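Trainee: Chains A and B, in that order, are what the protein sequence lines are.
For the first sequence, the numbering used here assigns the number 80 to the initial residue and increments by one for each residue that follows.
For the second sequence, the numbering used here assigns the number 24 to the initial residue and increments by one for each residue that follows.
Derived by calculation from the structure, the hints in this document are not laboratory data.
Small disclaimer: the values here were computed from a predicted structure and weren't measured.
Heads up, the beta-carbon is just placed ideally off N, CA and C, and yes, glycines get one too.
One thing to keep in mind: the hints can contain errors.
[As the list claims (entries may be wrong)] Using 25 Å as the maximum straight-line C-alpha spacing, the simulated BS3-like pairs for lysine-lysine come out as follows:
(1) A:128 with A:143
(2) A:228 with A:212
(3) A:143 with A:101
(4) B:51 with A:91
(5) B:137 with B:58
(6) A:101 with A:218
(7) A:88 with A:137
(8) B:236 with B:321
(9) B:58 with A:91
(10) A:91 with B:48
(11) A:88 with A:101
(12) B:58 with A:88
(13) A:101 with B:57
(14) A:143 with B:58
(15) B:152 with A:91
(16) A:88 with B:146
(17) B:152 with A:88
(18) B:137 with B:51
(19) B:152 with B:116
(20) A:228 with B:33
(21) B:57 with A:88
(22) A:218 with A:103
[What the hints assert, rightly or not] For the chain B half of the interface with chain A, some residues (derived, Cβ under 8 Å), not all of them:
(23) 39
(24) 41
(25) 45
(26) 55
(27) 56
(28) 59
(29) 137
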Amino acid sequence: MKFVRTRLKLEKHYEDFIIENKEKHYRIAYSYVKNADDALDIVQEAVFKAYVSLNTLKNPEYMKTWFYRILVNSSLDFLRKQKKIVTMDEENIAVYNDCFTDQYENIDLNHALDELPSDCRSIVILRFFEDLKIEEIAKILDENVNTVKTRLYKSLNKLRIQMND
Amino acid sequence: MKNNNIDQLKKDYMNIAIPEELDFKIRKSLAEGKKTMNRQKHLNAIKTAAASAAVIAAVFTVSINTSEALALTLSEIPVINKIVKVLTFREYKINEDTYNADIKTPSIEGLENKELESSLNDKYMAENKILYEQFMSDVEDMKANNGGHLGIDSGYVVKTDTDKILSVGRYVVNTVGSSSTTFQYDTIDKENEILITLPSLFKDESYIDIISKNIKEQMIEQHEADEYKVYWVEGIEDASMAIFNEISDNQSFYISSENKLIISFDKYEVAPGYMGVIEFEIPSDILGDILISDEYIK
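All chains, full assembly: derive it from the sequences and hints.
Mentor: Laid out in structure tokens, this is it:
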């Protein structure tokens, strides 16, 4: 018999998922805002938002991508509101140029990652730090798989280029 | 080269310090989310209750038996409607040569009205726990007294599952030499998400007389057509055996998929054991005047 989750089971499942993965979620938020307090706020906000919109989760198996999407969007919203993005123009240009930004010299790895436009940064973080599949990342970022692949490839190129400088 | 870079990056990433208050803050958010959701659910529940004239109350009823064993087996595959479902939540099984138990606990899922859903499911759980414990203590007693045969088979059947109505009957078959069977039904209005009780269907208590009178007529009619159909009722038996007088106000009932009211009696309740569990369909036309609405029964 097919196991059907009820709302209550779903809530329990969600709570367990959140508690279990809180550190991951925090790191993702932190990697965007680079500040503990802001990262805490973002995670809290995402946890609440997701809870009250659990009904938009059609299939509990997609909880992870569904939640990451809310978390990543909360992070980006936060950055937008705080105008902490270096400049929006630079960011947009970089996205259109598929992750190529101006070259910076002597930048360490962490910085190198920060220099990636946020979309590309999300891809690197989710792919390599959170071990998500390209398909999952595409779902989270609402991009098609090929775009994600291209950006990932170019982001890696850029990271290596900077490293080799 | 590339991998080394990524490893270094990942190391840095994993070294991001986790603030101590993270756990506390996350749990706080979860609690707030839950509170908000419960408030919404509560509002929905109030709306639901207000929308209906019916009274929410628990129904207990009784009735079936051996010749129904096949029917029970067939019904073990629950009829599943798209939204509201009945699933087997837990099953206890004991198979010790002369002691056999099979207790299945149903679980109703998919109601928006969680209060109703969990009150039913909790009731099912609690009753089956008692059943199980009672059985185990009976087994102990019997073992202490030179052994014997004990069996219990409990489960459920979905009697009706339409867009409007869900009737779930839970049965208990006790086997100690001969067997006794009881049935309890819960009937739910799936649209308005309320539990339907027998009294809630009627304007006043006159339904007891009207239904009882009709059942007696049916009993006698059946006996006249087939003398082996015996009921413990005046007109068939003498006064001392006329056990059935009228239905109780929480008589076992369900609503059939044809929108008929079915009154159910347990084995031995109104007839000899060989009659098994007995059901009477009450003609809707005799109920017309006293029904609150023809929403359920037509």
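Trainee: It remains to establish, for every hint, whether it holds in the given structure.
Mentor: Structure-based check of all given hints:
{"no.": "1", "hint": "A:128 with A:143", "verdict": "holds (14 Å)"}
{"no.": "2", "hint": "A:228 with A:212", "verdict": "holds (11 Å)"}
{"no.": "3", "hint": "A:143 with A:101", "verdict": "holds (12 Å)"}
{"no.": "4", "hint": "B:51 with A:91", "verdict": "holds (15 Å)"}
{"no.": "5", "hint": "B:137 with B:58", "verdict": "holds (14 Å)"}
{"no.": "6", "hint": "A:101 with A:218", "verdict": "holds (21 Å)"}
{"no.": "7", "hint": "A:88 with A:137", "verdict": "holds (14 Å)"}
{"no.": "8", "hint": "B:236 with B:321", "verdict": "holds (19 Å)"}
{"no.": "9", "hint": "B:58 with A:91", "verdict": "holds (14 Å)"}
{"no.": "10", "hint": "A:91 with B:48", "verdict": "holds (18 Å)"}
{"no.": "11", "hint": "A:88 with A:101", "verdict": "holds (20 Å)"}
{"no.": "12", "hint": "B:58 with A:88", "verdict": "holds (16 Å)"}
{"no.": "13", "hint": "A:101 with B:57", "verdict": "holds (17 Å)"}
{"no.": "14", "hint": "A:143 with B:58", "verdict": "holds (23 Å)"}
{"no.": "15", "hint": "B:152 with A:91", "verdict": "holds (23 Å)"}
{"no.": "16", "hint": "A:88 with B:146", "verdict": "holds (18 Å)"}
{"no.": "17", "hint": "B:152 with A:88", "verdict": "holds (21 Å)"}
{"no.": "18", "hint": "B:137 with B:51", "verdict": "holds (23 Å)"}
{"no.": "19", "hint": "B:152 with B:116", "verdict": "holds (13 Å)"}
{"no.": "20", "hint": "A:228 with B:33", "verdict": "holds (19 Å)"}
{"no.": "21", "hint": "B:57 with A:88", "verdict": "holds (13 Å)"}
{"no.": "22", "hint": "A:218 with A:103", "verdict": "holds (18 Å)"}
{"no.": "23", "hint": "39", "verdict": "holds (5 Å)"}
{"no.": "24", "hint": "41", "verdict": "holds (5 Å)"}
{"no.": "25", "hint": "45", "verdict": "holds (6 Å)"}
{"no.": "26", "hint": "55", "verdict": "holds (6 Å)"}
{"no.": "27", "hint": "56", "verdict": "holds (3 Å)"}
{"no.": "28", "hint": "59", "verdict": "holds (5 Å)"}
{"no.": "29", "hint": "137", "verdict": "holds (6 Å)"}
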